[in-house]
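Peer 1: Using the sequences and the accompanying hints, generate a full structural model.
Sequences listed follow chains A and B, in order. Numbering of the first sequence is given in my numbering, commencing with residue 1 and proceeding in unit increments. Numbering of the second sequence is given in my numbering, commencing with residue 1 and proceeding in unit increments.
Just so you know, nobody snuck in bad clues.
Just some of the chain A residues that point at chain B, by a computed CB distance under 10 Å:
hint, residue
1, GLU63
2, ASP131
3, TRP362
Derived from the structure by calculation, the hints contain no laboratory data. Even for Gly, the Cβ is constructed at its ideal location relative to N, Cα and C.
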Amino acid sequence: MKRFLTLFSAVGCLGSVMFAATPPMNVPSGYQVDRVELPAGEQIGVGGLAFLPSGDLLISTREGQVWRYSKGGFTLFADGLHEALGLYVDQETSDVWVMQRPELTKLIDHDQDGRVDAYETVNASWGLNDDYHEYAFGPVRDSQGNFYGTLNTSLSYEGWAGSHRWNVGRVLGGNMGRARRFGGWCFQITPDGKFVPFASGMRSPSGLGMNKHEEIFYTDNQGDWNGSSTLHHVVKGRFHGHPSSLMDHPEFQGRDLNELSVGDFEQRRHPPAVYFIHGDLANAPGEPRFNETGGKFGPWFEDQVFVGDQSKSMMMRVHLEKIRGEYQGIVFPFVGPMQAGIIRNVFDEHGTLWVGQTGRGWRSIGESIFGLQRIRWDGQTAPMEMQSVAVLKDGFRIRFTKPVNQVEASDVTNYQIRNWHYLYHPQYGSPKADNKAIEVTSVAVSADGMSADLKMEMTTGKVYQIQLSVSGADGSKLSNDIGWYTLNWLP
Amino acid sequence: MLAVGAIPSIAIAAGPVFEIGTLPGKLRYNIELFEVKPNIEIKLVLKNTDEMQHNLIICSPGETVSMKVAQKAWMLGAQAIEKEYVPNLPEVLFHTKVVNPGQEDEITFRTPAEVGDYPYVCTIPGHAFSMKGVMRVTDNPTAPELVKSSVDKKGRKQLHLHVNDKPLVKRAYVDGGPGRSILVGLPGGFNYCFDAETCCVRFGWFGMFLDVGPDWGDHPGHRGGKPVKTLGDRFKVGATDLPVRIGGPDLTPQVEFKGYEWDGEMVPVMRFLVNGAPVRQTVRPAPEGIGLQYDFEFDLIHAPVFIKFDDRDVTLSATAGEWKEGTLHVPHDQAKHFSIVVTAQKNAVINK
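Peer 2: Here it is, written out as structure tokens:
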């Protein structure tokens, strides 16, 4: 384990402001973090990252620009957009799309001078007031050419929108409402430009990702109807929990959602695949990015999901498994806190993870308000980490990246387990309900020291906190000694 | 000549070459007060070290004179560039031409015989709010008096978008505008808000372009995301909901915004569909007065076109069709290309 404090110079004017003491950044052995110098004087709150086939990086910003970064430096590719929170690049044609608040837009550089000259509206079927929270996120695209995006609910406090429509669609006292069409939905845009409502129940779905099997995942932020931040597997027709979006659901047309009960919504709700622990780990997760680099980011972490957090400036690592046909899994801290709140991350062709940052809005940990950093694996060093945690009928199997010390790993007292659940209710957030210690009744370490099977009482609907005091056989300490498993189903 | 500190004033006696510079990104001259003896010949050089164009006009005394001169300059409309933003007013005493970034202009003049404070100002639209100074004509030039700096007490960073010789487009929430606002700043100080939801111009303003600080966050800890501010005076353009119609003036149209582009021109062209028919609208400053010109292009139209205005407080004219109660009726065979000029009457200009 390596803990160090990197030295940063100023990033622009606002970026240089020093915040209250930031803990040193924790980086697993074999990984390095560096920082990309941004053009001086520019405000680059990263909203989207995507690589062109040429290897150049496009960066869309909350200030409405798209920058192109190549070895020669930064050039401005597009400008004048409304909070550009995501990019998609077609790897065959180099065509570029950007998600901005009002629409999905194709950016076209007809005269090939490096600067966009046509901003072509692909679809703008959702509503938009002047509400602070009416973000649009995405896009991802499947092999059929369908785009997907997600739409934030509206904040229903007076003053957060100049519009008289600020207080629309609040359900049972929740603070987020639906003041615009399709707020709280994931939508699909077909190759011929049609808008299809795809899945509902989202609150603040600020991260959208797709794996190589074209499965869609999104992250949601803690708040009303979402006790702690979450990662969800999106399936057509699925309802993820925030009821305001049901105003646009055909089944609820003309019905007053306030006449339904929490139980009615709970019955319909599909549980999250993973909870990010509010306060302890993450308060505002961003884009879930699947590591499909073919081992270039460390073979142990292939197919795992990397998610940044906007408030705690933490890069997290998620291992998912499919149990009874549904995803669930564990989240670990990975690298952090970084220099500013993270909402976007993307792998380049060498397997380096580029981390896009903006701390504005929720005051992130870190010395900067925006920025761009990179996490690289050195190609040889194995970190000491829990590689994954898998559910068993009567406990968990922890796999490690390196053999563990057999003596330490065989001692049940070296494992501290707790579980709790989050309340599904209209109130803002949730305590860790029924938070208690769970006894590990036995542990069996594999002969090669690469895994340990723990036995304990297993209760579905709970989050399990798994913390251990176990070293590697070579004496190395765990970089991150904790993880949280969301147990929806037992095998 | 003295040049000490950020914004000094200086005293000059006779016959020197006297240089005034511009502060990059600040919309200010580097000298905001200078003293000079009456009735002497001086050479004044405006050295523009800013990244946008500026000029300098010395006016006759009076507290409101420089703003009056500047506003008159802004109203020159399409003639502004040709006239170097110098209005034809008796208050204009001496002036430079418009100086491009990195360049300079020298003028020679004899100072007035009467002592007094002679304001000077940059008349490029919007600049006059901060880009001004005083030439003090005095028999007894004294030691320099430092002008107080107008730095924001809260330490806010100025996040203004300025238009030079090319239009700027910024999509953002704007005070009093729709969620799908597209804000366009044109060279010459005219700006407009296009609503991509109803496909029409909502309002115009003249002056500078935008303060995006409320959106981007202009000081540490500021959340941003709030409506941007237009810089200058708003004017009405007779906007109505869904003004562009095909087939009948009372048939509610289906409109769909398709984007905008710089189509070989240096002004953005708005593209949208009305009942499925493609329409292109280019917006420019009105040839004169405070207003805008809309150039419409309709493609493959087999029915008449109607453009509805609220004609209170605005003056309307068009190159095709005829007006009936604020609605322009254009036969389909004249709709391929026509223009409308909408100018605001006096009471349709609102000081923001």
